[in-house]
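Trainee: The primary structure of each chain is shown beneath.
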Amino acid sequence: MKSGKKHLLDEEFTDGAQGATKVPAVDNTPKRTMTKPLLLLGCVVAAMLLGAMLPVSYSLELEYAISLTVFAVATNLLLGFGGLVSFGQGIFYGIGAYTIALGWMHHSLSFWEAMAVAPIAGAAASVLMGLVALRTRRLYFALLTLAFSQLAYVIVEEQYGFTSGANGIFGALVPDWLASPRNSFFFVLAISVVSLLIMAKIVSSPYGLVLRSIRDNRERAEALGVNVFRHQLVAMAISGFFCAVAGTMFVIYSQSSYPDLFLWTSSGIPVFMVVIGGMYTFLGPALGAIVYELAHHFLIAHTQDWQLVLGVVLLVIVLFRPDGLAGTFDFVRSRKLRRSNSKTEAN
Amino acid sequence: MARLLIELIGTLSAASTLFVVATGLTLVFGAMRVINLSHGSFYMYGAFIVSTLVGTSTGARYWWAIAVAALAVALLGTLLDLTVVRFTVNRDPLTQLLATFAVFLILADLGQHIWGTGFRAVPLASTLSGRITIASATFPIFDLFVIGVAAVVGIGLWLLLGHSVIGWRIRAAVDDPEVLQAGGVNLRRLQTGVFTLGAFLAGLGGAVIAPQIVVAPGIDESIIVSAFLVAVIGGLGSVLGTAVGALIIALAETVGALVAPTWASTFTYIAVILVLALRPWGLFGVAER
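Sequence lines, in order, name chains Z and H.
So the first sequence is numbered by my numbering: it starts at 1 and just counts up by one.
So the second sequence is numbered by my numbering: it starts at 1 and just counts up by one.
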């Protein structure tokens, strides 16, 4: 069934039972226009200018927000494109951070070695989780990943001798030149842009299309000969890889690492960002991450009720605006997408 | 032998709290197919309300404080069902998880406004403090009380679900809602009732256990994870499964604490993951596709 993958998303695809009648397929393929690359380039240039000119306290905040875009988009590879609701992405974020921190503490890995190892460790852990978690579906998948998140948390917290437990790890975790705020800003920006570009490439590749076809109609994809389990496992590996990359950037930003990164509530944060930004677009979650982090930073300085504000905003978005911010801008397209989703979900 | 009995009673007591809280979660899922992340907040509010009502008294106040706390939390549950949860019925799991997560955040914040961020200790009623010796094993009376509460809840639910008209209506609410409604049953009111009962059980759990725990913000976060694990390995929707799940979790914790104290919690989570790897829909759950 070699041609199966191609047919699945082909507009000419006809349903066997309906004979020659055309199935009104929703065009999920991204259009090749210059608007998006130009927009992206504009964002990068704007970020560079801001990073160079803003006072250090602001540029650090922006650096953190930018690093979180990678976390959010990587989470959305599962959530929006794979249809897999994971409450365990904090594990791989934490693994990314702890690879650097533990390598430093035990004098076993230099910073650059740890930077190279971290994403692979994240991907490997994600595959291990996937081997078990992908046996379950939907709600059970979400709850099982939540359990994994908690497992990772208690391991890190209880193994005091190896991880220094709840205290976390602080210190000169990064090379001297990277400890300077300006340098770290550009370093994080570069890693983030490269990561986002790679993920964009993956999403629009044939593999990305198959992944979405599984989300939309698992049974049909299976019937066409797609190995659903393997495709989802690969998605988890990629997501784990980039979540760990985001975790390494957390260390560059904060020069610390602590077990709370693994908590299920931490795993919920990228899910919030995705939902705030809009899960049916590629850059929506990135927008969500920046809005979330800047709002968090601003509100926490002015009010103690950050959780209240977040809760209310989240409630309103989830109940009334499931497409998030990006969905509001790109209204027609995402509504069409959602309709095609809900249609298949009803099956 | 005495040692074994002591461990057994301790384990049963831990399982009892888990059962009372988790059974509310599983009941709501069974009747509404809604998963409620804010269930832990109900537990926390139950404990907080008891701590306010009891104050420093060790007298009979504890008894009516439990009743008031559980009923107040039940009322909160009704309110929440009418304002939020109602709109998540029949939506996808992500919507349900996030909407109730939002409620969890809001309730946690409001709880800090009402009760502050400090720790609170609830004194034990004098009738429940002290120890009792049975067959040369000595254990706290309070443990027996907690086990008794769980037994009453368990038997009550068994009678309600298995041997009453309301029980078969609740089961029909998921199996065949159309026919149920055609028979003149108000489905929404039934669901509100079940959600209220679920909140009541979580509030009751928090209220009963309050003297034995440190009542502070954050207990909502930890109990919800344990309650989920219990409900999920038992199979969401099954009360019997929840009881078995509670026993497995409590047992794993006891054995873990005895065998390898630094790995105690790790042990529990691995037990859960093993169960789910072998039976993805829990021990007594029904596979959903």
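There may be inaccurate statements among the hints.
[To be verified] Short, incomplete list of chain H residues facing chain Z, as computed with Cβ under 7 Å: (1) Leu82; (2) Thr83; (3) Ala99; (4) Ala108; (5) Asp109; (6) Gly111; (7) Phe284.
By construction, these hints were calculated from the structure, which means they are not laboratory data.
Beta carbons: idealized from backbone N, C-alpha and C, even for Gly.
Trainee: Can you give the numbers of the hints that this structure goes against, from lowest to highest?
Mentor: 1, 2, 6, 7
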